[in-house]
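**Student:** With the hints in hand, could you dock these two chains into one complex?
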Amino acid sequence: GAGVSQSPSNKVTEKGKDVELRCDPISGHTALYWYRQSLGQGLEFLIYFQGNSAPDKSGLPSDRFSAERTGGSVSTLTIQRTQQEDSAVYLCASSRSTGGYEQYFGPGTRLTVT
Amino acid sequence: QQQVKQSPQSLIVQKGGISIINCAYENTAFDYFPWYQQFPGKGPALLIAIRPDVSEKKEGRFTISFNKSAKQFSLHIMDSQPGDSATYFCAASKEGGKLIFGQGTELSVKP
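Protein chains in written order, with our numbering: chain A, 1 to 114; chain B, 1001 to 1111.
Keep in mind the hints are simulated off the structure, nothing from the lab.
Among these hints, one or two may not hold up.
[Unchecked claim] The calculated BS3-like cross-link candidates involving lysine-lysine, where the alpha carbons are at most 30 Å apart (straight line), are:
| id | chain 1 | residue 1 | chain 2 | residue 2 |
| --- | --- | --- | --- | --- |
| 1 | B | K1042 | A | K17 |
| 2 | B | K1042 | A | K57 |
| 3 | B | K1005 | B | K1058 |
| 4 | B | K1071 | A | K57 |
| 5 | B | K1042 | A | K11 |
| 6 | B | K1005 | A | K57 |
Looking at chain B on its own, in the form it has when it is part of the complex (with noise of 0.2 Å):
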């Protein structure tokens, strides 16, 4: 029940084009969702993250889009450019304790 499942676990995308990963989570009591952009070499960086009493967060070229009912969540990036190529994970966590991670999704994109 404290799976965080992440899917694809690779995605090539055209400069310009939308990229999307989802994640999909079990555990009802979870109450923050975040997602990392990860680079080689260095530490995950917090891109954006959400609450479930919201169903979209934007944060210019990046969405979250929120489905408590199907237990869902995941993360869009618009006009995709080649700096956007890195790994990115979705966590979740209960009352700001340790995050349940998905799997990872390297992303790239191709000018």
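Just chain A, with the same shape it has in the complex (with noise of 0.2 Å):
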């Protein structure tokens, strides 16, 4: 079956720019996360979405990172005024609503702002 997939895969911008990476989970998960993975900071926490909840925010390093899930499917994770520290790459995971503890990974989007 479909696992999660992202796109971009890679995306190349000027720093002061938007972003805009899309996340399609796996097919009935109601769960989505998005992390982010670079060099100095290993894998990190942004932000969570569960069913209809209010989203956990508590990882965006700040209010020019947000994100949004439409339908309860496809979340996009936007980036505004990007800065060369927000290089890394991105990662989305999905995982199932009840006792859905298995976070399933996407191959991830690599940003570098020039």
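**Tutor:** This is the structure in structure tokens:
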């Protein structure tokens, strides 16, 4: 079956521009997570959506970062006014609702801010 | 209290040997402890996971040992193969929420 998909796979942008990263979770998974992987910081949590509950935004590093999830499926992570320190691989994961502790990751979007 | 500490940072093992990676956590509310395997350019892949009500879980050549009182858990890879060469991450979560990851271990299995 289809896994988590993310697009684009690579994104190069200039400092100060806005970017949107997309995640399509596994069909039927109601929980969706965004993480960031960088050399200096390892894998760090950004935001978590679970069904219709308010998202857990506790990992977002600044107010330049936001995310939304439409129709309980696809999610978009938006970074406004990108900075060089935003360069990283952005990973999306999804899990089932009830007892769905297992998180399955997509291939990631590599963001480079020049 | 949210940290998960992982060691070693890198590990070299001969083919057929046992690879052992260790993790320690602080938050006793964590109730799920997965291990992920990541190859260059790919997303992390779930390898094996354990809940704190068992002390060991085995799946093929991969075993998790869990010590609740010491707040430690480890991954053992038996009969290590060159194809196991990858970066391994331990993690912990509470009630299906966000994963807190260790810093990763780069494993190299020499033929």
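**Student:** A separate judgement is required for each hint: does it hold in the structure or not?
**Tutor:** Now the hints, each set against the structure:
| no. | hint | in the structure |
| --- | --- | --- |
| 1 | K1042(B) with K17(A) | holds (26 Å) |
| 2 | K1042(B) with K57(A) | holds (25 Å) |
| 3 | K1005(B) with K1058(B) | holds (22 Å) |
| 4 | K1071(B) with K57(A) | holds (27 Å) |
| 5 | K1042(B) with K11(A) | holds (16 Å) |
| 6 | K1005(B) with K57(A) | holds (23 Å) |
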